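From first to last, the protein sequence lines are chains Y and C.
Numbering of the first sequence is given in my numbering, commencing with residue 1 and proceeding in unit increments.
Numbering of the second sequence is given in my numbering, commencing with residue 1 and proceeding in unit increments.
By construction, these hints were calculated from the structure, which means they are not laboratory data.
Heads up, a few of these hints could be off.
[To be verified] Among chain Y residues calculated to face chain C with C-beta under 7 Å, some are:
hint, residue
1, GLY18
2, THR61
3, GLY63
4, CYS64
5, MET87
6, LYS125
7, ILE128
Since we're looking at a predicted model, the values are computed, not measured.
For glycine and all other residues, C-beta sits at the position ideal for the given N, C-alpha and C.
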Amino acid sequence: MAYSEKLMDHFHNPRNVGTLDKSKKTVGTGLVGAPECGDVMRLQIEVDDVTQTIVDAKFKTFGCGSAIASSSLATEWLKGKNINEAMGIDNMAIVEELALPPVKIHCSVLAEDAIKAAIKDYQKKNNI
Amino acid sequence: MEAKKLIYLDNNATTPCDPRVVEAMLPYFTTHFGNAASRNHPFGWAAEEGVDYAREQVAKLIGADSKEIIFTSGATEAINLALKGAFEMYRKKGNHIITAKTEHKAVLDTCKKLETMGAEVTYLDVKADGLIDLAQLEAAFTKKTILVSIMWANNETGVIQPIEEIGKLCAKHGALFMSDITQAAGKVPVDVKKMGIHLAAFTAHKMYGPKGVGTLFVNRVKPRVKVTAQMDGGGHERGMRSGTMNVPAIVGFGRAAELAMLEMQRDTERLTKLRDKLQAAFCAILEEVVVNGNQEHRMPHVTNISFKHVEGEGLMMTFNQKIALSSGSACTSASLEPSYVLVALGLGDDLAHSSLRFSLGRFTTEEDIDQTIAAVSAGVNHMRDLSPIWEMYKEGIDLNNVQWSEH
Numbered sequence: 001m002a003y004s005e006k007l008m009d010h011f012h013n014p015r016n017v018g019t020l021d022k023s024k025k026t027v028g029t030g031l032v033g034a035p036e037c038g039d040v041m042r043l044q045i046e047v048d049d050v051t052q053t054i055v056d057a058k059f060k061t062f063g064c065g066s067a068i069a070s071s072s073l074a075t076e077w078l079k080g081k082n083i084n085e086a087m088g089i090d091n092m093a094i095v096e097e098l099a100l101p102p103v104k105i106h107c108s109v110l111a112e113d114a115i116k117a118a119i120k121d122y123q124k125k126n127n128i
Numbered sequence: 001m002e003a004k005k006l007i008y009l010d011n012n013a014t015t016p017c018d019p020r021v022v023e024a025m026l027p028y029f030t031t032h033f034g035n036a037a038s039r040n041h042p043f044g045w046a047a048e049e050g051v052d053y054a055r056e057q058v059a060k061l062i063g064a065d066s067k068e069i070i071f072t073s074g075a076t077e078a079i080n081l082a083l084k085g086a087f088e089m090y091r092k093k094g095n096h097i098i099t100a101k102t103e104h105k106a107v108l109d110t111c112k113k114l115e116t117m118g119a120e121v122t123y124l125d126v127k128a129d130g131l132i133d134l135a136q137l138e139a140a141f142t143k144k145t146i147l148v149s150i151m152w153a154n155n156e157t158g159v160i161q162p163i164e165e166i167g168k169l170c171a172k173h174g175a176l177f178m179s180d181i182t183q184a185a186g187k188v189p190v191d192v193k194k195m196g197i198h199l200a201a202f203t204a205h206k207m208y209g210p211k212g213v214g215t216l217f218v219n220r221v222k223p224r225v226k227v228t229a230q231m232d233g234g235g236h237e238r239g240m241r242s243g244t245m246n247v248p249a250i251v252g253f254g255r256a257a258e259l260a261m262l263e264m265q266r267d268t269e270r271l272t273k274l275r276d277k278l279q280a281a282f283c284a285i286l287e288e289v290v291v292n293g294n295q296e297h298r299m300p301h302v303t304n305i306s307f308k309h310v311e312g313e314g315l316m317m318t319f320n321q322k323i324a325l326s327s328g329s330a331c332t333s334a335s336l337e338p339s340y341v342l343v344a345l346g347l348g349d350d351l352a353h354s355s356l357r358f359s360l361g362r363f364t365t366e367e368d369i370d371q372t373i374a375a376v377s378a379g380v381n382h383m384r385d386l387s388p389i390w391e392m393y394k395e396g397i398d399l400n401n402v403q404w405s406e407h
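Okay, chain Y solo, but in the shape it has when bound:
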């Protein structure tokens, strides 16, 4: 199975790998998946509390190449977006961008879940 160049690029040169300080009120963390399933994604966003814009995004992922590329791409897309816009990111957009094969669609679903979980965590912290 040959993967797309974009996917391989995100896999070999993942963007925004790292950890944000989850104790900060402006940081939202989404941790989805389980080690038993072979995928765990942790996606974090830092939000400007005045403009509600995502100023930083970081991820770490345990999983296959498609899971890593999906979360790397997600962090790229999140930066600069308003949290309402970010909430609208659809997994199928990730599937298209990375040309994920059918057996890897669950990786994009997981990335969408991680985005939503991170935003919800931020909103919960700030009573939004």
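With chain Y held as given, fit chain C onto it using these hints.
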């Protein structure tokens, strides 16, 4: 520009054909192209002669008589013929079959099929090291047990079962002993008579022969075993397997068997050293490395290793442009189930997802191993830098207490 050399460490999946095997096969495509069943002209005689010689070479490899060798299209067909054929032949005596959870799918799925045809099948658990528990096997026999099917060596872990003891238990309880010897034949000494094996299946393409040919050994004397043919036709192979003989492949199989006998000891010594070097290097360079399966009773060329907190398929992607091997993670399958063999050893699904199988072969060099050590170690470090659960582990978080969101 010289092509980049690819490193092949997936010899349990298939081996390359030895050039000496190809050389032996070639005349049988063109000059000696006859049908081995054509009894009345020199073309047929030449083909038959090639087959007969190969039959002796293959028989010799496993300590059998040439009349006990039934050629098939591969190990899967041989296993199907053994299990279904023996069940059909002996079901009046009983309908109980014993096998183990770590068998190859060719055995397990055939047993599942036999269950729909009235068979009762016991699937033995294995111990944490992959070996079956002989006491559990002994306890599983009933008056209706007609057949025990236990593999010689496991394809994923290389673990070697106590074949001689299993053979003795089968003899004691009057059951036939079938063994899938696919991973062992040609690699370690196999003597079916000494082990009390009545049916044994294996294939050429795991021992430097061609794909598309395998064999079922069927014991002829004490006891005289018969299996019911699963294909109807010209009554080839003593009526047990109809179909025109794949003469070039059979000749190649014979030559591969002969070479295996000649080179087994040398290959074993060399590959054991290389395998041990590979395994020891990972254990020295990397933290949190677990070797899966019994290391004492194990094939000389195999090691199955879990690199904790990284996912096997992703890990492979870091180096699969230059190194070929297999993972126990089955992230590509729709089920997302990791290796059932490793799970049967009691590994958690997380460790099974983190496993790689290295299977060396006759053409593996020390340089291959050195490059693999470097590339895989770098890959593990890269993936751990990306892994949230590695970070959690490093922070001292007990991963068993984390509330995961299953998906």
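Hint check results:
1. GLY18: Constraint on Y:GLY18 not satisfied, violated at 9 Å.
2. THR61: Holds, about 6 Å.
3. GLY63: With a closest approach of 5 Å, the Y:GLY63 hint holds.
4. CYS64: Y:CYS64 check passes; min Cβ-Cβ to chain C is 4 Å, inside 7 Å.
5. MET87: violated, 18 Å
6. LYS125: violated, 18 Å
7. ILE128: Not OK, violated: Y:ILE128 not within 7 Å of chain C, min 22 Å.
Hint violations for this structure: numbers 1, 5, 6, 7, all remaining hints satisfied.
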